[in-house]
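Please model the entire structure based on the sequences and the hints provided.
Residue numbers (UniProt numbering), protein chains in the order written: chain A, 1 to 304; chain B, 1 to 375.
I should point out that these hints are in silico values taken from the structure, not numbers from a laboratory.
Don't take every hint at face value.
The calculated EDC-like cross-link candidates involving lysine to aspartate or glutamate, where the alpha carbons are at most 16 Å apart (straight line), are [said to hold, decoys possible]:
no.: 1; chain 1: B; residue 1: K300; chain 2: B; residue 2: E361
no.: 2; chain 1: A; residue 1: K133; chain 2: B; residue 2: E268
no.: 3; chain 1: A; residue 1: K191; chain 2: A; residue 2: D136
no.: 4; chain 1: A; residue 1: K217; chain 2: A; residue 2: D197
no.: 5; chain 1: B; residue 1: K116; chain 2: A; residue 2: D136
no.: 6; chain 1: B; residue 1: K181; chain 2: B; residue 2: E119
The model shown is predicted, which means the values in this text are computed figures rather than measured ones.
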Amino acid sequence: MTDQQTGTKPSHWGRLYNGQILPVVTVILAIIVIWYAGAVYMNSERLIDGYERSKTDWEFSDLVEDSWSMERPILPAPQQIIEELDNTIIDKKITSKRSLVFHAWITLSSTLLGFAFGTLLGIVLAVGIVHVKTLDRSLMPWVIASQTIPILAIAPMIIVVLGHLGLTGLVPKAIISMYLCFFPITIGMVKGLRSPDILQLDLMKTYSASNNDVFWKLRIPASIPYLFTSLKVAVAISLVGAIVAELPTGAVQGLGARLLAGSYYGQTIQIWSALVVASVLGMVLVWAVGIAEKLTLRRMGGQS
Amino acid sequence: MAGRYDPVLIIFMGFSLVSFWFPVGHDGNDSVTWWFDIRAGALVAASVLIAGIQLYFRVTNLTFALFVTLALILGVMAPLLAIDTLRTDGYEAIGLWIYVAGLGFLAWRAMAMLSKAAEFNRLISFAVPALFGLWLLYLWQVVTTGFGVPSVLLPSPGQIGDAIAANGETLYADFYQTVIKSVLSGFVFGCGSGFLVAILVDRIPFMQRGLLPLGSLVSAVPIVGIAPIMVMWFGFDWESKAAVIVVMTFFPMLINTLAGLQATGKIEKDLMRSYAAGYWQTLFFVRLPNALPFIFNALKINSTLAMIGAIVAEFFGTPIVGMGFRISTEVGRMNVDIVWATIAVAAVVGSVFYGLLALFEKRLTFWHASYRRAR
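The following block contains the structure:
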């Protein structure tokens, strides 16, 4: 940008420097370097203890090599995690209980169900709040207050209560996801439904449009961009909800269960690989919502 | 509204009058109606009478809003009286439930009238959500005691209140461990470091272009998952919980502060340059004040994240104190009332934390568009 202002043609280097790719690559490289160095630093204490106990001579290069290939490291090196991922994703059958794909699917299914519930609840609440003044005054403060409560704290409760009522498995987890993700949708949707300004509303009035028409032809289209922004946030939160919901119940399936089992047995590599899969899952979900947003906006005639 | 009969009040009166014909509970082996106790019957009659007066005069000003609220308050006491003194096996006390359903309409009308009055009176605008919350608590109490819901499933608000009173010391210890030690320190470090890095990154655009895409990626990552790792690194005590919170709160703060720093318009920056102001002067006197709404946004998001982070991290191992620990162990022992007491404490603490931030925000960013009179 600055080069264009000065009028000179940017050099290749300048273009790289001012673009996005070089900075991102630099930061990623820095993270990897710090990671490897950190693995050596954090694992060294235990390794040196081990060397001294077995009275072996060691040099720094041994230390580096060993700290990157410990069985239960404090901080595993990236290539160990990749190895574990390779083991548990590609080498295992998808239906196997050891396959991370299987666990990811368990978590994904409750995430998606909870996301669907949450979207529905969020939109219904928003429509109510926008149209009924009493709801705006009475319900809205509680919608906000409900999020200042650490709802995840109720996760074990909800699962116990629903378990007594005969609901087990997917639905209780989905309900926790729903509770977490309806909030951004409600807030975004309320904002979106109120986004048409007075001029536009007045124009609709001069067309003698009914309330229904204003809602379907003005408010709903105006709210779509806000809705999708909220959906991106909500889908990520929904995944968090699904993972956390697996923690307190002692579930044996799902990414949260893998995290918990890994922490019980000190399997650091297992924790890290579950975390990596969860992160990738989160990014894919947000990306998918982004794609849906692009398609919807294009069909609505917007430029994307 | 004047000139037309209020349909909601008619529905309430209809429900209440019908409820006189049905039993509201057992006294011994006989089913009894509202007149089992002259007080209960009088309360019901009084609420119907007040609704009738309101219906007749058809006025909807503040005085009548309070009048209807009074009717509601009198009305809600009758079912409580019935539940306390009678054996209401829930399913057989049809009159009681018809009346409670009718009360729902009365509560709705009271809230609607109050919210209309609230436009002119700020004190009243607090009363509407308060009334809604009280109504939910009341419904919870009446349904759990009326239907005899076992407290293992869902304790009534009364039982939860008893549990809070009986376990004050434990709850305070949990509060101290989780909130004062973990949440506050994690929140301060996380937000502080996010803020400082944002200013650093703002000075070096190269870093900004490198970190921002990664920052938005991180927002899709379930960071709570690092809790077991942090517990391994920093031990069982509060330090590991604070570490989780630091990681969780860092990126929201970073991204929001950066967005806030960029919100300053070109004209303001040019003006500062014409005053020969340096980078830091521009930062402190123009850009940071301008960024305050964004920063407060992050602080408010982070206050919730911090509570969640601390409680979830305690599921992965903790000394024998703390809210997350209490919840996960007492659920196992079926002491659900203590669990709900802990949740209530967490809810109050979370709301107060959020409320304080909102108060500061109002003080410091009174100039912002969102605080000017809304249309």
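Hint-by-hint comparison with the structure:
With a CA separation close to 10 Å, the supplied pair B/K300 and B/E361 stays within the 16 Å bound. A hinted pair counts as satisfied when its Cα atoms are at most 16 Å apart, and A/K133 with B/E268 does not qualify at roughly 39 Å. For the given pair, A/K191 sits about 12 Å from A/D136 by alpha-carbon distance, which is consistent with the 16 Å threshold. With a C-alpha separation of about 14 Å, the suggested pairing of A/K217 with A/D197 holds against the 16 Å cut-off.
Proposed proximity of B/K116 and A/D136 is supported: the alpha carbons are some 11 Å apart, at most 16 Å. Restraint check for B/K181 and B/E119: the C-alpha separation of about 42 Å exceeds 16 Å, so the hint is violated.
Consistency with the previously given hints fails for numbers 2 and 6, ordered from lowest to highest.
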